[in-house]
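Residues per chain, in single letters:
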Amino acid sequence: MAVPTTGVLDEQQVLLSTLPPSRGQTRLALAIVLVLLAAFCATVPFATVPLPYVREFIPAYATAMFVINSITSALLFVQFSLVRSRALLAISGGYLFSTLMTIPWALTFPDLFEQTEIASTTWGLLSTLWHLGFALFVIAYTLLKDNESPTQWLRRSLPFAVLSSAAGVVIVDALVWLVTITNASMPTTFALFERSYTYWNGLLLLAFLALALLWARRRSVLDLWLMVVMCGLLIELCLIFLVGRRYVVGWYASRVFFLISSTLVLAILLSETAFLYARLARSVMAESREREARLMTMDVLSASIAHEMNQPLASIVTNVDAAARWMGRPAPDLDEVKASLAQIRNSAYRARDLIGSIRAMVKRDGRNRTPLDLNELVREVLALTERELQRSRISVELRLHEQLQPVKADRIQLQ
Amino acid sequence: MIIPAAILTYIRFMQGFSFTRNSPSLRRAVEDQQLQHRAIISIIDDDESMRCALKSLVTSLGFKAYTFASAEQYLDSSYLDDTSCLITDLQMPGLNGIELQQSLLAQGRHIPIIFVTAFPEERMRARAIEAGALGFLGKPFDSSTLVELIDKALEIGRKS
Numbered sequence: 109m110a111v112p113t114t115g116v117l118d119e120q121q122v123l124l125s126t127l128p129p130s131r132g133q134t135r136l137a138l139a140i141v142l143v144l145l146a147a148f149c150a151t152v153p154f155a156t157v158p159l160p161y162v163r164e165f166i167p168a169y170a171t172a173m174f175v176i177n178s179i180t181s182a183l184l185f186v187q188f189s190l191v192r193s194r195a196l197l198a199i200s201g202g203y204l205f206s207t208l209m210t211i212p213w214a215l216t217f218p219d220l221f222e223q224t225e226i227a228s229t230t231w232g233l234l235s236t237l238w239h240l241g242f243a244l245f246v247i248a249y250t251l252l253k254d255n256e257s258p259t260q261w262l263r264r265s266l267p268f269a270v271l272s273s274a275a276g277v278v279i280v281d282a283l284v285w286l287v288t289i290t291n292a293s294m295p296t297t298f299a300l301f302e303r304s305y306t307y308w309n310g311l312l313l314l315a316f317l318a319l320a321l322l323w324a325r326r327r328s329v330l331d332l333w334l335m336v337v338m339c340g341l342l343i344e345l346c347l348i349f350l351v352g353r354r355y356v357v358g359w360y361a362s363r364v365f366f367l368i369s370s371t372l373v374l375a376i377l378l379s380e381t382a383f384l385y386a387r388l389a390r391s392v393m394a395e396s397r398e399r400e401a402r403l404m405t406m407d408v409l410s411a412s413i414a415h416e417m418n419q420p421l422a423s424i425v426t427n428v429d430a431a432a433r434w435m436g437r438p439a440p441d442l443d444e445v446k447a448s449l450a451q452i453r454n455s456a457y458r459a460r461d462l463i464g465s466i467r468a469m470v471k472r473d474g475r476n477r478t479p480l481d482l483n484e485l486v487r488e489v490l491a492l493t494e495r496e497l498q499r500s501r502i503s504v505e506l507r508l509h510e511q512l513q514p515v516k517a518d519r520i521q522l523q
Numbered sequence: 048m049i050i051p052a053a054i055l056t057y058i059r060f061m062q063g064f065s066f067t068r069n070s071p072s073l074r075r076a077v078e079d080q081q082l083q084h085r086a087i088i089s090i091i092d093d094d095e096s097m098r099c100a101l102k103s104l105v106t107s108l109g110f111k112a113y114t115f116a117s118a119e120q121y122l123d124s125s126y127l128d129d130t131s132c133l134i135t136d137l138q139m140p141g142l143n144g145i146e147l148q149q150s151l152l153a154q155g156r157h158i159p160i161i162f163v164t165a166f167p168e169e170r171m172r173a174r175a176i177e178a179g180a181l182g183f184l185g186k187p188f189d190s191s192t193l194v195e196l197i198d199k200a201l202e203i204g205r206k207s
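One line per chain: the protein sequences are R and X, in this order.
First residue of the first sequence? That's 109 in our numbering, and the numbers climb one at a time after it.
First residue of the second sequence? That's 48 in our numbering, and the numbers climb one at a time after it.
Quick caveat, the hints were computed from the structure, so don't treat them as lab data.
You may find that some hints are simply not true.
Said to hold, decoys possible - Far from chain X by the CB rule (all over 10 Å, computed), these chain R residues:
{"no.": "1", "residue": "Gln121"}
{"no.": "2", "residue": "Leu142"}
{"no.": "3", "residue": "Leu240"}
{"no.": "4", "residue": "Leu311"}
{"no.": "5", "residue": "Leu388"}
{"no.": "6", "residue": "Ala394"}
{"no.": "7", "residue": "Glu395"}
{"no.": "8", "residue": "Pro420"}
{"no.": "9", "residue": "Leu421"}
{"no.": "10", "residue": "Ile424"}
{"no.": "11", "residue": "Val425"}
{"no.": "12", "residue": "Ala447"}
{"no.": "13", "residue": "Gly464"}
{"no.": "14", "residue": "Glu488"}
Stated by the list, open to error - Derived DEER-like restraints, expressed as beta-carbon distance ranges:
{"no.": "15", "chain 1": "X", "residue 1": "Asp198", "chain 2": "R", "residue 2": "Glu398", "range": "52 to 60 Å"}
{"no.": "16", "chain 1": "R", "residue 1": "Ile466", "chain 2": "X", "residue 2": "Asp93", "range": "16 to 24 Å"}
{"no.": "17", "chain 1": "R", "residue 1": "Met435", "chain 2": "X", "residue 2": "Asp198", "range": "19 to 27 Å"}
{"no.": "18", "chain 1": "R", "residue 1": "Met393", "chain 2": "X", "residue 2": "Ala153", "range": "18 to 26 Å"}
{"no.": "19", "chain 1": "R", "residue 1": "Ser465", "chain 2": "X", "residue 2": "Asp198", "range": "55 to 63 Å"}
{"no.": "20", "chain 1": "X", "residue 1": "Asp189", "chain 2": "R", "residue 2": "Pro440", "range": "18 to 26 Å"}
{"no.": "21", "chain 1": "R", "residue 1": "Met469", "chain 2": "X", "residue 2": "Asp93", "range": "18 to 26 Å"}
{"no.": "22", "chain 1": "X", "residue 1": "Lys206", "chain 2": "R", "residue 2": "Ala450", "range": "35 to 43 Å"}
{"no.": "23", "chain 1": "R", "residue 1": "Leu449", "chain 2": "X", "residue 2": "Ile49", "range": "54 to 62 Å"}
{"no.": "24", "chain 1": "R", "residue 1": "Asp443", "chain 2": "X", "residue 2": "Glu169", "range": "35 to 43 Å"}
{"no.": "25", "chain 1": "R", "residue 1": "Arg390", "chain 2": "X", "residue 2": "Gly179", "range": "32 to 40 Å"}
{"no.": "26", "chain 1": "X", "residue 1": "Ala178", "chain 2": "R", "residue 2": "Ser465", "range": "30 to 38 Å"}
{"no.": "27", "chain 1": "X", "residue 1": "Glu169", "chain 2": "R", "residue 2": "Ala450", "range": "54 to 62 Å"}
These numbers were taken from a predicted model, which means no experiment stands behind them.
Beta carbons: idealized from backbone N, C-alpha and C, even for Gly.
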């Protein structure tokens, strides 16, 4: 996270969704994923070991997920209000969906209320929909990410945020109702489907697809940490698939892994936001200091200009008055008048030279022109901007005239 | 014998006062004659064109003008006793106008000083007037104002 020395930031460095991740962050993300994988591998041998039934586990887990997802969703909605891109709307909607699904999911957990096989499959269905929905939203985010231009109808973001929240609630309610209705009428169909391989393969494939797309199109800090979340999700799905029943190590572990990855991601996103806020505040303060310094310099400069300009002007006026008096005498002294006129002209030229030197002083680089090879300059500039070009997927074809004469120019100004 | 002498003296007296008071050009001509070898005006300015312009103006008025490029040059010169009026710039390398004024006062010389400066600041003006300067003009200035001040300076010189 290199802090720019000038203190003035551009838009890219200030937003979570556009800030490119630093080396340290990438390494941290990689480390977290490796730790999760290691934990996954460590749990696999013991996955089917049964553990005592902890009644509070699912409600606690659901509450934790609710809080984490709602905070993440709020954070992403704030990003959306700043950037107004459809991709951000998709991902914040996804987190909102996740938040809202947690409630019916927790409430339909069968063993909480000692229900029958029907309740169990309802819960299973809602679980599926939750994971499916989340994966789909992430895919939507990845696909919409690269159309950068903000569309007309997203101009006012607050109504959209409210609208999408309302839509989320409606959709979730509809899904839950649908699920309970279909389940009541066809209780066994889904139960059978849930145990089949195609179901699990489909889900895993979808999650993998989301991860792969994110990896291919990763650009910002947000993308990096979404990948960590998707890894956590994949691990959870794998473990549940492997285990197939409740209250075993694998079942508890899968939930815990996903919870840990989500918590970590939220913690890091929040700290990154706080850090960016600090940078932004510093940049604003630096800008206002710079502006004040510039005003002071201008004040001093204008005072010295006034002082310098008044000398030749006063000389001109005094010479004019002197000439008038010489001519007003009973015997006008024309030699003195001529001398005065010559002095007037010299003073005027002096004033002109003064203005020229003031202008030269005010320009940033004085007059350092050196002979340059233009081809070399072009290659240098390309090397400097290579990273930006790669990121914007622009390829540059060089067609340089080999026999160029060296030109006298200011290197920095040309660059 | 006494009566013509008295009449002559009376006429001379009247020439000196009432006629000259009503006719400025006549007064100037008389003053030219009277003061031609006495009114020396010293001009101090680090800017050469200003020095020449002021010298030309002062000479056109009928006085003798001597120019100096710095306050030190003036203080080292031999015209200190003969100067009837001093026209000086404020901001100069070396001794500035205010310091020159203080130095002259310390020497006990009460030469009437007129300041002409390119950057007239209120504080400097107050300081100069407080220390006894005759006038404080900003460049560019109207020459008739300067002429009035020179007249005032010579009046003071005549009275003392």
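In rising order, the numbers of the hints this structure does not comply with:
Failing hints, ascending: 8, 9, 10, 11, 12, 18, 19, 25, 27.
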